Amino acid sequence: MDLRRVMKSVRAIFSALLCSVTLGLLTSHAALAQGDAEVGKTIFEENCKACHGIDKASVGPALRGVKERHSSVDWIVKWVNDPAGLVASGDAEAKKTADLTPGAMTGFPTLSKGDVESVLAYLEVAPKAEVKKAGDTTVEVTGEPVKQDNTLLTVVLIIVLVILVLMVAVLIVLAAAMSKQMSEKEGLSEEDQELVNQKFSLLKVVTHPAFIGGVALIAVWLGLHIGIHDGLYAIGVQTGYQPVQDEIHFSHKIHAGDHEIDCNYCHTGVRKTKNANIPSLNICMNCHTQVKTDSPEIQKIYAHLDYDPKTGKYGDNPTPIIWTRVHNLPDLAYFNHSQHVKVAGLECEECHGPIKEMGEEGVYQYSELTMGWCIDCHRSKNVNSKGNGYYDELAKRHDDFKGEFTVEEMGGTECSKCHY
Amino acid sequence: MANNTKYWKGFEELENSPAFQEEASKEFPEYLPMADQRSETEKAEDSTRRDFLKLMGFGVAAATLAACEAPVRKIVPYIKKPESVDPSAPNYYASTYAVGGDYCSVLVKTREGRPIHVEGNKESSITKGGVNAQISASVLGLYDKARFTSFKKGEAEIAQGDADKAIIAQLQELSSAGEKIVIVSNTILSPSTKAVIEEFKAKYSTVEHVTYDAVSASGLLKANGGVVPGYNFEKAEVIVGFNADFLGTWVSPIEYSKQYSKGRKVTTQSREMSKHFQFETTMTITGGSADVRKSIRPSEEGKFVLELYKAVVEGAAAKTPEVSEAAKALKAAKGKALVVSGSNEEAVQVLVKAINEKLGANGNTIDTNAPAYYRQGDDAKMAAFVEQLKAGQVGGVIFYNANPVYDYPKGAEIAEGISKAKLSVAFNTTPDETASLVQYNTPDNHYLESWGDAEPKKGFYSLQQPTISPLFKTRQAQDSLLVWAGADQDYYEFLQAYWEKNMYAQSGDVMFASFWDKCLHDGVFSGKGGTTQAAAMAAPVMAADSAETEVEEETEGEEIFVEEEVVVVEGAMGVAEAITVVGAAKAPAGAFEVQVYPSVAFGAGEQSNNPWLQEMPDPISKVTWDNYLAIAAADAQVILGLEKEEAGLQAARDYDSKVVSVTVNGKTVQLPVVVQPGQAQGTVSVAMGYGRKQAGRLAEGLFDKNVMGEQLIGVDVMPFISVKDGVVSYSTAGEVTKDGSKEYKLARTQTSYTASERQSVVQETTLPEYKKDAKAGQFLLKLHTSEGTVEATEVDLWKFSTEETHKHKNHHWGLAVDLNSCTGCSACVISCHAENNVPVVGRREVINRRDMHWMRIDRYYSSDYSKKGKGADGKPNTDYYEKLEIASDNPKVVFQPLMCQHCNHATCETVCPVAATSHSTEGLNQMAYNRCIGTRYCANNCAYKVRRFNWFDYALNGDKENREFSGVNVPANDDLGRMVLNPDVTVRARGVMEKCSMCVQRIQLGKLEAKKEGRPVKDGDIVTACASVCPTDAITFGDMNDKDSAISQLLGKENSDRSYHALEELNTQPNVSYLRKVRNTETEA
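Just so you know, the protein sequences line up as chains A and B, in that order.
Under this note's numbering, residues 1 to 420 are what the first sequence spells out, in order.
Under this note's numbering, residues 1 to 1085 are what the second sequence spells out, in order.
Chain A on its own, in the form it takes in the complex:
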C-alpha cells in the first residue's frame, strides 16, 4: 500500500472525528440551555424574524445576547407578551428598551414562557450570519451562473481550436519536410514525381465546388439555427427584464438584504396561495410610520394612503400604487407559489435569483420562466416528501418505491398539472 493512500485515509478519519466532536459539543451546549433550540428556530422564524435579525439590527434590534442584556428571562417573557403594557406600567427597563427603536414592538400574547426560552436557546446556538451563508440551505447566487457555464464552454472550445490549429501546423511542416526530402531523392516513379511537383494552391481549394458547397451548407445551417431556432425560442422569453417602476423605487436590497426581513412578511400569500401577493400599503405602514419618514419614496406611500405623518391621521381618499409586473407567466400556465414554497420548501432565490441584491433600480427576471425551464426542474428534483402524510400515503401505493420520487414520477410533467 502506498504512503499517500494511507495518509488520505488518516486525514479522512481525523476530520470525521473532529466533526463529530464539534457537533457533539454544539448539541450538548444546546441541551444545556433551557428550551429546545429547534422549536425556538421555528418560533423565531414565524414570529420574530420579520422585524429582528440575529446579528444585524433591522426594524427591531439584533437579538443575539438579548438574554444577557436584560434582567431576567421572566422580564423578557413579560415584554414579549405585552410590551406596550409593560411600558405603561412604568417599568424603567421597558422604557429603556422601547426607546431603542422608533417603532413600537407588537405583542405576542400567545407565546408562553417555554416558547420564549426556546427562542433564547436558539439565539445562543444560531449560526453567525457569515456561517449561515455557507450553509447548505441557502442557495448561493452570485452574478449569473448561466454565463459562467458559457465561458467554460468557450474556454474548452478555444483549447480544442488551438490544438487543432497546432495539429494542422505540424502536419503542414511534416508534409513540407517530406516533400522536400522526396524531391531531393532521385529515380522516383512518375506518379510520385507528380505528387512531389504538385503545387498547393489555396485558390484551387477555395474555388472547389465541394468546398463552396460545404461552406454554404454550414452558413445556411448556422443562419437557420441562430436566426430561426434560437430566435424563435427567444420570443417571449424575458430573462433579464427589469422594468423601471413608475412610482416607488423599492429596494429589495435594503429590506430583504440589509435588514433581512423575511420575504413572507410582505409577500403574505407565498405560503398560502397561488399568488405571492404584492404587499398592500398597510404592511409598509407597519414600519414606515416610524422608519425613514422623511424619505421622498416613503412620502409617496403617504400620498397614496392620504396619510398625514404629522397628525398620524388617514384621509378618506387613498389610491392604490400601480406597479409594473416583472414576472409575466402566460395566462395559459398555472403556477402556484404555495406548492413550491410551502410544500416543496424551495427558497425564493432558486427562481428569483439574487433578489437580496436588487436595489432601487428594480427587480429583474432572473429565470427563463419557460416550459422547458419548469420541466427540467421537475424531471431532476425529488419531491420534498419527508414527514408529509400526503406523500406517505402515495408511497404506499407505489410498489417500486425507492424512498424518493422525482416530481415527474408524481405526474409533475403532465399537461393538466399546469394547463387547464
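There could be a bad hint or two in this list.
What the simulated footprint calls covered on chain A by chain B, stretch by stretch (three residues with Cβ under 8 Å from a Cβ of chain B suffice, anywhere in the stretch; the number is not a length) [what the hints assert, rightly or not]: (1) 210-217; (2) 277-289; (3) 319-326; (4) 388-396; (5) 403-417.
These aren't lab readings, by the way, just hints derived from the structure by calculation.
In this text the structure is predicted, and so the values were computed from the model without any measurement.
Using N, Cα and C, we set each Cβ at its ideal position, and we do this for glycine too.
Fit chain B to the given chain A structure using the hints.
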C-alpha cells in the same frame, strides 16, 4: 381579321345593371355561412379575397412583431388588504336563496370578493347540499347589466334621500286620508322581513300586504290550514303523484329530490326501493322517474283522485288499472305511503289530504310538526286587489320584488290600474314589465348582496348574508321600508335584534354573539321549540290571526276585503263537499285542454335574462331558447295530417317543427310543435316564463326572432292562465289548428328519441329481476373472431393490457353515475357551465349542433318496437329496425348524464396529431388548449361525442368583441358578466377543442391543500362541480385507489354488480362508470 364577336354570359351581363356589376366583382357569389347572420350593412362590408390576403399578410407581420416584445403588464395590490381575503384563494360563505318561496340553503364561492359559484349547503337539514338549475344559475343574475343602477323617478335618476322624502310625504298623505296602501309580494319566507312589514304597517295604518305566487298553490294551502304539509318522501315506500312535478318544479323540488332519491337507492345488500306512480298530463322529469306513469287530462285529475279516494278510504274497486294498482300498493304500505297533487283546486286537495290521513301518512310521511311555508299566496286576496286597483280604490302600491304585470294572469289589468294609484313604487331589481310602469323605482339588492333570513319550515331557520358589497346604488328593500317607517335601526341591526329575541331564545347558547357567528357560519339553525311569532306570521292564511284581523277592521272602507278573507279562512271544505264538487266537475268544452306549466329552467320566468338557463336543454324535450307546444303523436296525426309513425319519426329526427295556432280565451298565439311521447291525448302543454317583453337585453342580443316574428325569446302564454272564482287555473280548453305550411326551427341538443335498443349505452332492469340477480340487465357483447367467440372487452387495438399501459399509481380519479337516482334536473349542467367558463352559443349555433356543454343529460324513451319483433311470417321483422326510433305513446324514460368518459384507452388520444390530448397518471384525459391545432380528429373519433370545438371566439378576445356572440354569451363578453368567470379555468379561444376535465382545477386545489397540511387527501375533499350540486346524489366522484372512498365502496362491494361502462364493447375502459337503472315494475320496460 380580328374577331369582334362578343358573347354575353346572359341577359344580366348584356344589361350590365349595377346589381350585376356588384355580383360580378365578387370572388364567391354566395355568402359565407356566417354572413347571413349579420345585418344588411355588415353584409355590404363583406371582405374580398384581396382584403383577406392583405389582412393575413399584415396579421402575420404584426404577430411576429408583437411576439418580439411582451406587453407591459401592471399589477395593483390592495391599499389595505382585508384579513380574510387572499387573492387567488376562494372563500365560501353560507347563505340562503329565498326568492318567491323557492328555498335553498346555499354555499357561495367567492374569489377576490366576487361570488362566482353557488353550491348547496350540506349543513341544511332541508336541502342537504342539493341545488337546482335555477339556483345554480342565479349567480349570473348578480352581474346582469339589465339591473337598475340607481333609484329612479320615472326615467330620471334620483338620489336615495330625495326619493325617501318624496315617498314618505306621499305615504303620510295617503295614510292620513285613509287611502289604502298595498304591498304586493310573492311568498316571503323571511320572518324578519315580515316583522319589518309589520313595522311599516304600524307607521302607516292603511297598509295592506297581498301575497300571490306566480305558480299558485292556493288550493293546497286552503286544504291544509294555510301551510304546505311537511312531506317526507324519504319515508314513503309508495308515492302517488297527480300532476305534481315534485322533482322538477313543484313547491320545494330540491328538498323533495333529496328525500325521494334516498328511497330509490339500491345496493347489492339492500335490494329494496320505493314505488312511484305518477298521473300527469305532459311528460315531466317526475313522470320520467316514475315506475308507473299514466297520462291524464288536467280535467281528469279530480276524477282519478276521487277514484283513488274511494278505493283507499271506502274500499271500492277502482276501474282504472293504474289507480287500482296504486290503491293496492298504498294500502299495503300503510304508514309508509304518500299521495301528492299539484292541483290548485281545494276540493282535490281535500281528498288528497283525506287519503293521506287514511294511509297514516301524518306523523310518518308527513311531518306534522314541521309544516312548510314555501307558498303563501292567496289567490282570492290577489284577485280582490286587482279589482280594487282597477277601480282606483288603491291609493298607493308597493311592488316588493314581484312582477305581476307579467306573471299574474290578470297582468294586463294591473298594468292598466297602476297609473290610477297616486303612489307606485317597485323594489324590483330590473326594469321589468311591472317596474317600468311605476313612478318610483327603489331597487332592492341582489340576494347575494343582501342580509336576510328565512323560515322555510316551522322551526327551521336559515340566515342570508351578503357575499359582495352592492354593485350599484341600490338598497335592500327591508332598509327602504324601515327608512320609510321612520325606524332608527337599519335592517342588519333589525335582523340581529330579531334573531336575538326569537331564535337565540330557542338555542340555549350562552352568548348571542357566538350564537350569531355560528348561525352565520352554518347558514342554518334548527330551533328546538318550534314555532314562535315568526311561524305564526309566516302563515297569514292559516287560522284567523286575531292581530291581523284587528288591524284590518280598524281600517275603514275595507269590508269587502275582510269578508273575503274570512270566507277563505273558514271555507275549509269538508270531505263530503269535496266529493260532490269533484264529482260534479265537467271537462271543459273544447277540442283540446291547454296546460301551462312552469319549466324546470325558468319556473315563472324570473330569470329569463339568464343565458345559462336559456341554453340549458329542457330535461325532457332537449329544446333550448324557446318554448313549444307539446302534443301527443295521435293528435299530431290529426292536426298536422301525418301518419302516426311519420309523426313519431319526424319528431325524432327533425329540427323543423310545424307551427300551429293555439287559441285560448279568445287569445291566439303561434307555437312550434314538439311531438311529446307521454303527452295525454287531447291535451297540449306549453311552458310559461317565455316571451317576456322587458326581461333584459338577452332577447335583443339574439339574431333570431321568435316563431311569431317578435324579437323575443319564446312566446308569452301567460294570458292562457285564467282566474276563475278567485282561483288561478293553469289549464283551460282551447283550439289548436295547423298554421299553413309554416315551419320553425327549434334548437334541440338531442334529436334522437330512443336509444334504439343499444343496451351498451343505457342498461336497465326491473326490481324483481334485480332481486333475483344483482347482475340482471347486464349486457355484454360477444364478438366472433378467428379464435372463436370472445367477450368484446377482450379484443383490444392496444398492444398492451391495462396493467402495462396505464398504471395509476398515485390517484385514480373516477366518477360513478347512478342512473337509478338521476332525475334529469340539469343542475349539474349549469354548475358545470359556471365552474368551467363554458360559453353560451345562442339559438342559431345550437341548431348548427355547435352547443358547447361539457356535460349533457341524454334522455331516452322506450319504444314499442323491438329488433326481436316478428313479422306476420314469423321471421324477424326488419322494418322494426327503422321504427326503433319511434317512442312509445307512454314511454319509460331514462336520463343519462354524459360527460367526457376519461377513457384509459382513449380513442381521441390516439388520433391527435400534436398530442394535445393525453392521459395522465391519475386517470384523467387531459386537454392542452394551447397545443391544440383544431384538426377535430379527436371529436370525430370520440365514441361518446363529448368533445366540443370552439368554432368562433365566443368570448371577448382582447378588447375585440365578437358581435355574433356578445349578445348571448354575456358571461364572457361584458365587463360585468366577466366577473362571474372562474379565474382558475382558461377562457378558450377560437379553433381549439374542449371537453370535461373532471374539474381538474378542483382536483389540483384539493391535493395542494392536503399537501400543505401534510395529510392524505380525504374522501369528499375534492368534488367535481356536477357532483357538488346534485340534489339526488346521483354523481359520485373520488379516488378509486383509496379503498375506503365512497366511489370505491359504490363500485366495489355496494354495487359492483350494477355498474357498467357505456359502450363497453369498444374497450375504451372509461373512468366514468354507470349504475344500471332499476325500475320497480313487474314487467320489462
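To see whether the hints hold, each was checked on the structure:
Only residues whose C-beta sits within less than 8 Å of a C-beta in chain B count toward coverage, and the stretch 210-217 of chain A has 0 of them, not enough to reach three; the restraint is violated. A stretch counts as covered by a chain when three or more of its residues have a beta carbon under 8 Å from one of that chain; for the stretch 277-289 of chain A and chain B the count is 7, and the coverage holds. Here the stretch 319-326 of chain A counts 7 residues with a CB under 8 Å from a CB of chain B, which clears the bar of 3, and the coverage holds. A stretch counts as covered by a chain when three or more of its residues have a beta carbon under 8 Å from one of that chain; for the stretch 388-396 of chain A and chain B the count is 7, and the coverage holds.
For the stretch 403-417 of chain A, the stated coverage by chain B is satisfied: 6 residues place a CB nearer than 8 Å to a CB of that chain, which reaches the threshold of 3.
Hint 1 from the list above is the single one not met by this structure.
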